[in-house]
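*Asks:* Residue strings, one per chain:
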Amino acid sequence: METYYHPQDLPKFEEIGEEAPELAEKFFDYYAAVFAEGELTEREKALIALAVAHTVQCPYCIDAYTQACLEKGSNLSEMTEAVHVATAIRGGSSLVHGVQMRNIAKKISL
Amino acid sequence: MPQGAQALPMTSKTAENKLPVEPFGQTLAKHGLNLTRKKITTLQINVGLLCNQTCRHCHLEAGPNSEEVMSAETVDEVVTLAQRFRFEVVDITGGAPEMNPNLVDMIERLSGNTSRLMLRSNLTALANGERDYLIEVCKERRVVIVASFPSLNEAQAESQRGRGVFQESIAVLRKLNSFGYGQPDSGLELNLVSNPTGAFLPSSQDQLEKRFCQVLKNKWGIVFNNLFSFANVPLGRFRRWLEQSGNLEGYLQKLATSFNPCAIEGLMCRSLISVSWDGYVFDCDFNQAAGLYLGGKKTHISDLKKLPEPGEPIAVSHHCYTCMAGAGFT
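Respectively, the protein sequence lines represent chains A and B.
Here the first sequence stands for residues 1 to 110, numbered as in the numbering used here.
Here the second sequence stands for residues 1001 to 1330, numbered as in the numbering used here.
Hints are not guaranteed to be accurate.
[Stated by the list, open to error] Cross-link-like lysine-lysine pairs, in silico, DSS-like; alpha carbons within 30 Å at most: (1) B:1175 - B:1210; (2) B:1219 - B:1254; (3) B:1254 - B:1038; (4) B:1139 - B:1210; (5) B:1038 - B:1298; (6) B:1254 - A:12; (7) B:1210 - B:1254; (8) B:1038 - A:12; (9) B:1030 - B:1297; (10) A:26 - B:1254; (11) B:1139 - B:1030; (12) B:1039 - B:1297; (13) A:45 - B:1210; (14) B:1306 - B:1039; (15) B:1219 - A:45; (16) B:1217 - B:1038; (17) B:1297 - A:45; (18) B:1175 - A:12; (19) A:45 - B:1030; (20) B:1297 - B:1018; (21) B:1175 - B:1219.
Hints in this document: simulated from the structure, not taken from any laboratory.
Keep in mind it's a predicted model, so treat the numbers as computed, not measured.
So that you can see chain A by itself, here it is in the shape it has in the complex (with noise of 0.2 Å):
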């Protein structure tokens, strides 16, 4: 096996029902019923998987995410502004604990 990850594998996603049907059943109509239009578009949301998919960094979410976005009208200045906000929260979340070294290193310190 040259990767673990191939594009392929990706349509082959609801293979996964094979075993355990019931609840690939549960997931897959919780999945659709999400990303259904509600009071988010479906393009919204797309462009939030897209930046959860950046986050989580999963090579199928980002080919799959990105075709939706693309098909549901998005461009790429919006999923590129989509993956900044993931960086974003990502890059800030290590920086806000610094609260917490701050707290300790004050703790600890004269």
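Given chain A, work out where chain B should sit, using these hints.
*Replies:* What follows is chain B alone, placed relative to chain A:
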């Protein structure tokens, strides 16, 4: 006989068999479907492949160097056809139809012979005030304008249609609005067509229309009546790009896996005939690009004795997956 039709690429059975998807006819058969004619209500006329743009998704290879333009003689024959059969809808397309010198004459003669005359425009052919007389004629004859406007994003739109097209299109849409097009209760219909700007499927028409409506109004004060979203057809210049960019296989598979048997009901090819710039008859504009003649026989409109009857078969090839993907191409 004109030479252009012979120059169109033919889609052979052998070529189709080499593609990564099963032949379209086989998929229809698997679903127990037959693609057959209904009553013919629409005449689509391709007045030529001459165009001021060289769009990368064009299935017809239209462009500024094309010499394939419908002659005055063929226009006469098309008008005679429209008078003989009284189509409910007459749909003029190209190329950029605005560049055909016989267009005004054609509009004036066709408008009395149909209840709905449509003109497809790339918008930029109406830019810079040079063809305002044409907008006047369209207004007077109540011609429905169907305008290409793929994306609200400038970079995306221009990746498909060429540099400078976006701002010119915005300016022409505003001008059409100033003539009354798209304005409520004006009776002047302005519809937009959005094709994806790449090897992916189009957005849901309703959601896209809602967004285009909001953004065009808020940002530029533009109004329109309806928006249609259509997938790109893997023929002509678009197919070449798919091949060169390594997207052909994936795109065809995407179309084939999105096959929706319910879409067959509303397919436009079931109720129209398409006439090429040199007067030959096809099932649709895409079969025209693929060189698939109506009934498998090269027939000129001057020799067309009758329209196809309901139940008669329609020529199909792999590109037909496009019109059956998702919500379909109506």
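*Asks:* Could you grab the alpha-carbon distance between residue 1175 (chain B) and residue 1210 (chain B) and see if it respects the 30 Å cut-off?
*Replies:* 22 Å, holds
*Asks:* For the pair supplied as a hint, residue 1175 (chain B) and residue 12 (chain A), is the alpha-carbon distance within the 30 Å limit?
*Replies:* 50 Å, violated
*Asks:* Straight-line Cα separation of residue 1038 (chain B) and residue 12 (chain A) no greater than 30 Å?
*Replies:* Roughly 39 Å separates the two Cα atoms, so the pair is violated.
*Asks:* Between residue 1175 (chain B) and residue 1219 (chain B), does the CA-CA distance stay at or below 30 Å?
*Replies:* Satisfied, since the Cα-Cα distance of roughly 15 Å is no more than 30 Å.
*Asks:* Residue 1139 (chain B) and residue 1030 (chain B): Cα distance at most 30 Å?
*Replies:* Violated. Residue 1139 (chain B) to residue 1030 (chain B) sits at ~47 Å, over the 30 Å cutoff.
*Asks:* Between residue 1210 (chain B) and residue 1254 (chain B), does the CA-CA distance stay at or below 30 Å?
*Replies:* Measuring from Cα to Cα gives roughly 26 Å; hence the hint holds.
*Asks:* Please verify whether residue 1306 (chain B) and residue 1039 (chain B) have alpha carbons no more than 30 Å apart.
*Replies:* Given that 30 Å is the threshold and the Cα spacing comes to 12 Å, the pair holds.
*Asks:* Take a quick look at whether residue 1297 (chain B) and residue 45 (chain A) sit within 30 Å of each other, Cα to Cα.
*Replies:* With Cα atoms ~49 Å apart, residue 1297 (chain B) and residue 45 (chain A) exceed 30 Å; violated.
*Asks:* Given the hinted pair residue 1039 (chain B) and residue 1297 (chain B), is their Cα-Cα distance within 30 Å?
*Replies:* 20 Å, holds
*Asks:* Take the C-alpha atoms of residue 1254 (chain B) and residue 1038 (chain B), compute the straight-line distance between them, and say whether it is at most 30 Å.
*Replies:* Answer holds: residue 1254 (chain B) to residue 1038 (chain B) is near 28 Å, not above 30 Å.
*Asks:* When you check the alpha-carbon spacing of residue 45 (chain A) and residue 1030 (chain B), does it fall within 30 Å?
*Replies:* 35 Å, violated
*Asks:* Given the proposed pairing of residue 1038 (chain B) with residue 1298 (chain B), does the C-alpha separation stay at or below 30 Å?
*Replies:* 21 Å, holds
Comparing the model with each numbered hint stated earlier shows that hints 2, 8, 11, 16, 17, 18 and 19 do not hold.
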